[in-house]
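There are 2 protein chains.
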Amino acid sequence: MSLTVVGSVAYDAVETPEAKIDRALGGSAVYFAAAASLLIPVNLVGVVGEDFDRSEIEFLRARGVDLSGLTSEKGRTFFWKGRYLADMNERETLDTQLNVFESFDPVLPESYRTSPYLFLANIHPQLQLNVIRQSRGTRFVAMDTMNYWINGTLPQLRETLAAVDGLLINDSEARLLSGENSLFRGIEKIQKMGPRIVIVKKGEHGAILKHEGELFICPAYPVEQLFDPTGAGDTFAGGFMGYLARAGGINRASVRRAMLYGTALASLCVETFSVERLRGADLADVEQRVERLSRMMALD
Amino acid sequence: MSLTVVGSVAYDAVETPEAKIDRALGGSAVYFAAAASLLIPVNLVGVVGEDFDRSEIEFLRARGVDLSGLTSEKGRTFFWKGRYLADMNERETLDTQLNVFESFDPVLPESYRTSPYLFLANIHPQLQLNVIRQSRGTRFVAMDTMNYWINGTLPQLRETLAAVDGLLINDSEARLLSGENSLFRGIEKIQKMGPRIVIVKKGEHGAILKHEGELFICPAYPVEQLFDPTGAGDTFAGGFMGYLARAGGINRASVRRAMLYGTALASLCVETFSVERLRGADLADVEQRVERLSRMMALD
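Residue numbers (the numbering used here), protein chains in the order written: chain A, -12 to 287; chain B, -12 to 287.
Keep in mind the hints are simulated off the structure, nothing from the lab.
Fair warning: there could be bad hints in the mix.
Cβ pair distances, simulated, as ranges [claimed, not checked]:
id	chain 1	residue 1	chain 2	residue 2	range
1	B	Ala149	A	Lys179	49 to 59 Å
2	B	Met133	A	Ala73	16 to 26 Å
3	A	Leu270	B	Ala149	38 to 48 Å
4	B	Ala285	A	Asn168	19 to 29 Å
5	A	Glu5	B	Glu201	23 to 33 Å
6	B	Arg100	A	Gly166	50 to 60 Å
7	A	Pro4	B	Ala6	37 to 47 Å
8	B	Arg279	A	Ser159	44 to 54 Å
9	A	Glu97	B	Leu286	31 to 41 Å
10	A	Ser59	B	Ala6	36 to 46 Å
11	A	Lys179	B	Glu5	20 to 30 Å
Backbone N, C-alpha and C fix where the C-beta goes; we use that ideal spot for every residue, glycine too.
The shape of chain A in the complex, shown without the other chains:
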């Protein structure tokens, strides 16, 4: 069993009300793989530039992440700079330099093509669809997207949505994509676009799952201090997909428990800059939080 992720590998500069960092390992595929690799072997597809220091992702290889799909191109690595406002729920982008990511055209290495689980992080929906078409025998494909693609490339996005099993997006994206202010009505509309599993992430307010006809509402894990939310959504996706791949089947119990794994991993992510906490964590840390969270949700 393995899980393939296609997404960005980046350097981020982040400012929060409490601290700042000028250059930290980031990118959707990195956060995803750092989380999922605690649960299942991961195949990573991405691109970096000449400035990228591969030793920074050596911990992923040590955890069983196959990096043969990570290509190097002339130029610099994708760079993002952002600042979080006082309540940490809002952020502003100060700088985006796509660099080598601008011409990213993901190709699955042959050994990845039969991977049964596939996650398409936030990239152009046409590229997401191209990846789906390269894969064979995939059992479960999920994707992320963002406002930019919803506003700018909706026809392509609709085509990709019709080809996936799952969609993970945040609440504002769900409202934009569905045109509904009510998240619950919005989720129903989005399911009609294709994905039988829709997950809406609400940051500190948890996440909502609709799996076929049933809702599951999962609170966020209570963290002592929200230090840096960057990457929390991709980390959630890594925990969710990693657990599903490990469980080996998509059913009511596995998707619900997968939500708790996503939540637990996201809570580790936000406690430090970059992937520092995820890098130091092991499966026991994750399972302790899953267990605690399940007690906070239990009726007796």
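We have chain A; now place chain B onto it with these hints.
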């Protein structure tokens, strides 16, 4: 077993982005009693003016609410006018006329004084304490409060907090009272002020319970349309206290299930103006939502 509530009886004028109403029955004690009376006999303490039409609360009497503690005074009934902004999470007060409520000095009728459950809705903390001192053999006392008392009468509020078993407040009030931005740290600080049960209400994002050492996180019940949030917090309190009184004991299972009853009743409240939906509901409607919500929280 009975439950006493002390609070306001009011007329409200409400504007939402979708609709408006110029004069509707409201007030914390009314919403509370409309909810709790589906579960347990309720004693109500409040005050109305000469303009109050008692036929509007006849449905409460028909549900077993004892209104002998509802006094009439010369003057007009408490009036509040407010407007909800587009996302319904924020509202502005357009007019407040305290009228007869300004000199409200609640006195428990003799028959209420041995009521084992007591809820003190949002009034001056000194008045709340006076009521506690009038009661005998009370088994569980809970209270609400608001920014105005936290900012203006903190010493009296602290004295009242030290005398209650439970506090129900919203998230912004919890942050203000505790001085902590993290709700979880804030709740711990508030517990040290007295109440062994602290409930923080987060509107559409649900509610958090801390009961002694344990957290319980309860999502909001997904409503088709949030029509008017006025009274949702008092309705939640009515459902919570009503269930506890009905269950007859304060323990891990009863407080958790009480959260679901509060949540289910609040979801009915927000579907119409005033107490219209609560007036038409029966216990089966509430229990259906409790059951559905418990399935949305279940891991298997």
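Practice problem: Using the Cβ atoms, figure out if lysine 179(A) sits within 20 to 30 Å of glutamate 5(B). | Solution: holds (25 Å)
Quiz item: Do the Cβ positions of leucine 270(A) and alanine 149(B) conform to the proposed distance bound of 38 to 48 Å?
Solution: holds (44 Å)
Exercise. Indicate whether the distance between the beta carbons of methionine 133(B) and alanine 73(A) respects the range 16 to 26 Å.
Key: holds (23 Å)
Quiz item: Lying within 36 to 46 Å: is that true of the beta-carbon distance serine 59(A) to alanine 6(B)?
Solution: violated (59 Å)
Exercise. For glutamate 97(A) and leucine 286(B), compare the CB-CB distance with the range 31 to 41 Å and indicate the outcome.
Key: holds (39 Å)
Quiz item: Regarding arginine 279(B) and serine 159(A), is the given constraint of 44 to 54 Å on their beta-carbon distance met?
Solution: violated (26 Å)
Quiz prompt | Distance restraint hint 50 to 60 Å, applied to the beta-carbon atoms of arginine 100(B) and glycine 166(A) | solution = For arginine 100(B) and glycine 166(A) the Cβ distance comes to about 56 Å; the hint holds.
Self-check item: Supplied distance hint 23 to 33 Å, evaluated on CB atoms of glutamate 5(A) and glutamate 201(B)
Solution: Since the Cβ atoms of glutamate 5(A) and glutamate 201(B) sit about 29 Å apart, the hinted range of 23 to 33 Å holds.
Self-check item: Range hint 49 to 59 Å (beta carbons of alanine 149(B) and lysine 179(A)) holds or violated
Solution: holds (54 Å)
Quiz item: Would you say the C-beta atoms of alanine 285(B) and asparagine 168(A) sit inside 19 to 29 Å of each other?
Solution: Check passed, 28 Å falls within 19 to 29 Å.
Quiz item: Do the Cβ positions of proline 4(A) and alanine 6(B) conform to the proposed distance bound of 37 to 47 Å?
Solution: Between proline 4(A) and alanine 6(B), where Cβ atoms are some 39 Å apart, the hint holds.
Violated hints for the displayed structure, listed by number in ascending order: 8 and 10.
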